[in-house]
Structure formats: structure tokens, C-alpha cells
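One line per chain: the protein sequences are Y and C, in this order. First residue of the first sequence: 1, per the numbering used here; consecutive thereafter. First residue of the second sequence: 1, per the numbering used here; consecutive thereafter.
Take these hints with a grain of salt, some might be off.
[As the list claims (entries may be wrong)] If you only want the chain C side, here are some residues facing chain Y, beta carbon under 7 Å, derived:
| id | residue |
| --- | --- |
| 1 | L128 |
| 2 | S132 |
| 3 | S136 |
| 4 | L153 |
| 5 | F187 |
| 6 | N203 |
| 7 | D206 |
| 8 | I234 |
| 9 | I237 |
| 10 | I243 |
| 11 | K246 |
| 12 | H291 |
Hint data in this document are derived by calculation from the structure and do not stem from the laboratory. Note that CB positions come from ideal geometry on N, CA and C, so glycine has one too.
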Amino acid sequence: MNLTRSKSSTKAVSVGMLFLLMLTFIPVIAEAITCEEALWNCLNDPVNGILMGGAVYCFNGYVFCKKYIEKDTAR
Amino acid sequence: MSKRIVIFHVLILSFLLGAWDLFPKTEPQIKIRLSEVLSIGSLEDDTLFQWVGVVVDEESNIYVSDTMDYTIKKFDASGKLIAIKGRRGQGPGEFLSPRSLAQSNKRVYVIDENIPGIQVFDDQLNFLNRLSIIQSIADIEVVSPDRIYAASLSYDKQGVIICLDLKGGLIREIEFGDRKKEMLKNFVNFEIGSDNCFYLVYNFDDKIEKFDPSGALLWSTELFKKIKSKKEKIRNITYFTNIVYKDIALDSSDRVYVLGGDFSDNKGKDVYVIDPDGSHIATFTLPESSHCIYIDHQDYLYCRANEGVTLKKFKIIEE
Chain Y
1 MNLTRSKSST
11 KAVSVGMLFL
21 LMLTFIPVIA
31 EAITCEEALW
41 NCLNDPVNGI
51 LMGGAVYCFN
61 GYVFCKKYIE
71 KDTAR
Chain C
1 MSKRIVIFHV
11 LILSFLLGAW
21 DLFPKTEPQI
31 KIRLSEVLSI
41 GSLEDDTLFQ
51 WVGVVVDEES
61 NIYVSDTMDY
71 TIKKFDASGK
81 LIAIKGRRGQ
91 GPGEFLSPRS
101 LAQSNKRVYV
111 IDENIPGIQV
121 FDDQLNFLNR
131 LSIIQSIADI
141 EVVSPDRIYA
151 ASLSYDKQGV
161 IICLDLKGGL
171 IREIEFGDRK
181 KEMLKNFVNF
191 EIGSDNCFYL
201 VYNFDDKIEK
211 FDPSGALLWS
221 TELFKKIKSK
231 KEKIRNITYF
241 TNIVYKDIAL
251 DSSDRVYVLG
261 GDFSDNKGKD
271 VYVIDPDGSH
281 IATFTLPESS
291 HCIYIDHQDY
301 LYCRANEGVT
311 LKKFKIIEE
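Next comes chain C alone, as it looks inside the complex (with noise of 0.2 Å):
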């Protein structure tokens, strides 16, 4: 019986050292710390409901969409509300589930994850109008007044980014991933450096990766190591229960923020910082768990609390 015990113990002992060896090994090289200078919305008050996407203009005005309540809503600098938009609705103006937001040139992009297409409205919030693409959409960025580009999410379309004229007109198509792969393997958030080249993050796999301007692959990394994410399937589709990474920004030197879900330390707080050479350089933690991460032009981190009521902005400190 005692040995069983001893067999027992030695089981868990190597059970933990084993969950020890998941986490990050790379030594991070400076320490990263946040100030709060701006928070938006509290349980006390109906400012926000659940926000999901955020962007910020070139004059730090805030614009955030709110799930709950079917709207997009404008913030200035000091965090006053100055405008709202939306319904709950199919229409011009109108959402059933507001997700991300691209900003640019005085216009706002807003993509809705049970409205295919693209809602566009000018800096008031004034609705403008819709491009119509077949497909739904992950992730959205517009770096300029004529490129829009979107992560797509069709079946016949997976692990690519589509690059969009004003219209909606496809201009080029930029290939990622693997369609040989379960579908969620290709699932990813994405920004674009100051240099035009894509980094992107996958939600269900341990990859980071950043490819140049014409779609050419430069680097592929990963933080975890020997991770396996849980595979399930319902009927003759596989999905994964894990979520790896959840979303990915960069600063004005394109040092690369990535937001670690379920492998992380602190699931939803953890941010791992990266050179635009692809080195781990750093890893701080949140206040709370958040579902994305957004920087914006003078390099300030905004992120969630109080589950999506609360918006907060924060100055990014190294030491």
C-alpha cells in the first residue's frame, strides 16, 4: 500500500514539473510596467455594456464598439462620450453583434460577426456605407485611405488575408496558413508594421509569425513549448478547447504585443512583447483579464476590465 502512496506522489510531482515545462522559457531582457491614465465606463454607470473592438484616431478620440447594446461609440481624449451610433438590426447603421474596428483618414470600419460585409461611417459616426463581401470577417486593419485589409472566415477561404479596394473589390490576396488544417487552426488576429509587413498571431496554435509586404514569410516563432491544445469534435468537425494566443498589437517601433490565453501564467492578462526580429524581449501582466489588446499612434495600451464594462488606457512604461 505504501508503495502505491510513493507511486502516487511521484505522479504528481511529475505531473507538476511537467505543467512547468508549458510556460514561457525565454528570459525576458526588460521590465515592462503600466500607469493608468484613463478609464471609461464602471458597474456604476451605463457608458458601456460589453465593448469588444476599440481604435483610436490620429486626435486620441476613442471609438468603441458595444456588443450589448447594438452601437459604436465615440470617446474624446478626456473619455467624454461626443457621439453614438446603432440598433439592433440588418440596416444601414444597424448591428446584431459589433466586433472589430479599423480607423482611418476620418473614417470609421466596423465589421459585425452576424453581418457579412463591412460598415463604414465618417468621424461623427454619421453611417456612410456598406461593402458588401460574401465572407465573414475576423480582423480588420486600413492603413490606408484605399487598402483595407481583413482576415477572412470562409470555408473556401481560409488562411488568408484579403486586401479590399473602397469598394469592396478584392485587390490581392495574401496566403498564411495551411488549409489542410482544421479550420480553427487558422483563425488568426493580425496588424501591419510601419514597414507594411504582416504580423500575426493564431488563436489555436503556438505561432507568431511576420511576413513581408508581398506575403513572403520572414520569421515564425512560438513562446510555449511542447503545448498540445485539446482537440474534440462534433460530428465530423474538429475544434480545439484551448485558445493559445487571443490578440496582437504593435507600437510605434513595431515591437509586437501578444495577449496569451489559456497557456499563459494569468489566462487573459498576460502580454508578451517581442522585437520586430521576432526575440521575446519582455512580459508583463494586466490588471484584469481582457479579450484583445489595442495601441494606439502615441503608443498607449487600452484593454478591458470589470468583464466589458470598463475600458481602461494605459502608458506603457519600460525600466
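Chain Y on its own, in the form it takes in the complex (with noise of 0.2 Å):
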């Protein structure tokens, strides 16, 4: 019985270590996938992706997307 709750609790830290880890994790994914949907977009845009100079373009808009919008995040 002791054994089985032992058990218990350590799979709780673990589930827990885990839950936090994701939470640390969270904020960066949604930021970068803000600024790389918008990239997508563009380069998919099919006047920018002609062209490499539509690429230039895009990149443009992501480099100051990835500078400006990015949040006060922790890694």
C-alpha cells in the first residue's frame, strides 16, 4: 500500500515537472508561429513566390516580425 502511493506521488512530480516544462515552452511556441504563419504566407503568395525577390520581401517582413513582436519571454 505504501509502495503503490510512493509510486503515486513520484508519477505526480513527474506529471508535474512535465506540465511545467510545457508551460515554459508555451509562450515561445505561439510567438514563433505567429511570425513564421505570416512568413508562410507570403512566400505561398504566388506574386511574391515568382519571384526571389518576393523571397527577399517576405524575409524582410519576418526578420522585423521576429525583432518587434516577439514578447517578454523567458527561453
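Using the hints, build the complex out of the two chains.
Quick look at the structure:
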């Protein structure tokens, strides 16, 4: 009985640690998706997709997004 | 089952220790703190909406590009708005996405992310002319009345800083990057020192470099060890998801100030100070995340607050 309780509490601690780790990374993932989705849309726009100049235009916006739109989140 | 849990904990511990290894290792030799001396714009007023570029002239007037209302604005040294110019459009004195600014000899130079060329204004923000340049420009510096330096952003002109005359004519090119690498690897911000040397930070590479006026590499350094920016692909085009360095600034002693990105302890807030020989001598943290840093001729530091609604000016204090 005590052994089962010990295992359960260890499991709970492990799940808790995993949950905390996930919480740490959620803001980073969310921020990255925002800029990357914009880049994806830009590069897949037929006008920008044809010429390499279009890629430069898209990357220019992507760099601005990565520099400007990110939040005060830890790594 | 208990073995699995032990292995799980060991893996987590290894991961955390591994992550610790990513932090800058060099010990700073001096301590720097900031003391706020001026704040322009707030959440309660409409002075600034989303400022991007900043430059300060010899009389401490502050010029700002405000991308949200398509304008450039001039403030005096006390922070009072004294001139405003611009509206949405592509004509003379109009903007779509005004970005970096430069100034020299009572001229203000503005680049727009979505309009090729450089617009030139006088110090009262009256439009003078537009320098025609085909390629986009990431960053601009004007160190003398007849020399405009710009980091080029075109597919066939990657890894190049172009030097232009006052009419936009090409004088020479300074090569810095590797054209064989992915396009984003050649995105840089740069500054020109009092010795006319070029100082570069790469946005998606852990590289800070100094070139002499002729374009020869003097030193190259990195602040983070073993980092690897995550690489993704859209169609056949590679891009990176982690920005390493956001901006660079120089003080009057040619000390290099580098604003860290995703690999910093406090991303967008940690500023690394490097001496002109390439040694990391200090690290300090901005109160809020910023997309850029700027240092004026009196060594005051400017950065962002309130996500672009506020411009802050700080005195740099060495302890």
C-alpha cells in the first residue's frame, strides 16, 4: 500500500515537472508560429512566390516580426 | 517502472544542464546600470504609436520613424514634439513601412521596408529628394555628408554593404557574408566607428564582426557557445526560427553594444558590451524588451518601452 502511494506521488511529481516544462515553452512556440505563419502566407502568395525578390520582401517582414513582435518571455 | 522514472528525471536534469551551457560564459569585467533621463510617448497619449527607427543629431534633437501612422517625428532634447511629416502612400514624403533612420549634416535619411530607395529630408523634416536604389535595405549609416552606407537586401547582393554618394550612385561595396549560405544568414545590422571600421551583428548567426575601412576582417567573435538556430523550410526556401542578435550600437569610445535575441537570458533585453578589440566586458539588462538600441553622441542610450508606444532615453552609468 505504501509502495503504491510512493509510486503515485513520484508519478505526480514527474507529470508536474513535465507540465511545468510545457508551460515554459508554450509562449515561445506561440510567438514563433505567429511570425512563421505570416512568412508562410507571404512566400505562398503567387506574387511573391515567383521571383526571388519576393522572398527578400517576405524575409524582410519576417525579420521585423521576429525583432519587434516577440514578448518578454524567458527561453 | 521506477527505473523509467529515474531515467526520466536524469534526462530532464541533463536537458537543464545542457540548456545552461547555452548562456554566455565569459565573465563581465565591469558593471553597467541605466538611469532614465527621458520618456517620450505613453499608453495614455498618441505621441507615438509604434516607433521603429531612432536617430539623434548634434543638438540632441530626436528623430523617430513611427510605422503605425506612416510618419517621421522630430522631438527636441526635452521630448517636445516639434515636427511631424508623412502619410500613407508611395509619393514624396510618404511611407508604407518607415524603418531605419540616419542623419548627417542637417539631413535625415529614411528607409522604408516596402518602398525601394532612401528618402532624404532636411532637419525640419521637409522632403528634399529620394535616392533611387533598386534593392531593399536593412540598415543605413551616414557618417559623412557624401557617404551613405547601407546593408543591401537583394537576392544577388547578399552579404554586402554598399557605399553610395549623395545622388545614390554606387561608390563601392564591402563584402562581409557568405553568399553560399541561406539568405537569412546574411541579414545584419551594422555601425561605423570613429576609426571608420565596420561593426556587424548577424541576426540569425552567432557572429559579431569588425572590418577595417577597406573591408578586411579584423575580428569575429561569438557570445553563445554551441547554439543552433532551428532551421525550417517553406517550399525550397530555408529560414531560421531563432533570432540571435537584434541590433548593434557604438558609444563614443567605440565600445560595441549588442542587443541579444532568443538565446539571451532576457530576450530583447540583455545588452552585451564588447570592447573595440572584441572582448566581452559587460552585460546589462534593459527594463523592457526592445527591437533596437541606439546610442547618441553624448553616450545616451535609447530603446523601446510599452511595445513601441514609448521611447526611453537612459544615461549609461559604469560602476
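Status of each hint after checking the structure:
1. L128: With Cβ-Cβ at 25 Å, over 7 Å, it is violated.
2. S132: violated (16 Å)
3. S136: holds (6 Å)
4. L153: L153/C check passes; min Cβ-Cβ to chain Y is 6 Å, inside 7 Å.
5. F187: holds (6 Å)
6. N203: At 6 Å from the nearest chain Y Cβ, N203/C passes the 7 Å test, so the hint holds.
7. D206: It is violated, given that the least Cβ distance between D206/C and chain Y is near 15 Å, above 7 Å.
8. I234: holds (5 Å)
9. I237: holds (6 Å)
10. I243: holds (4 Å)
11. K246: holds (5 Å)
12. H291: holds (4 Å)
Hints 1, 2, 7 from the earlier list are contradicted by this structure; the remaining hints agree with it.
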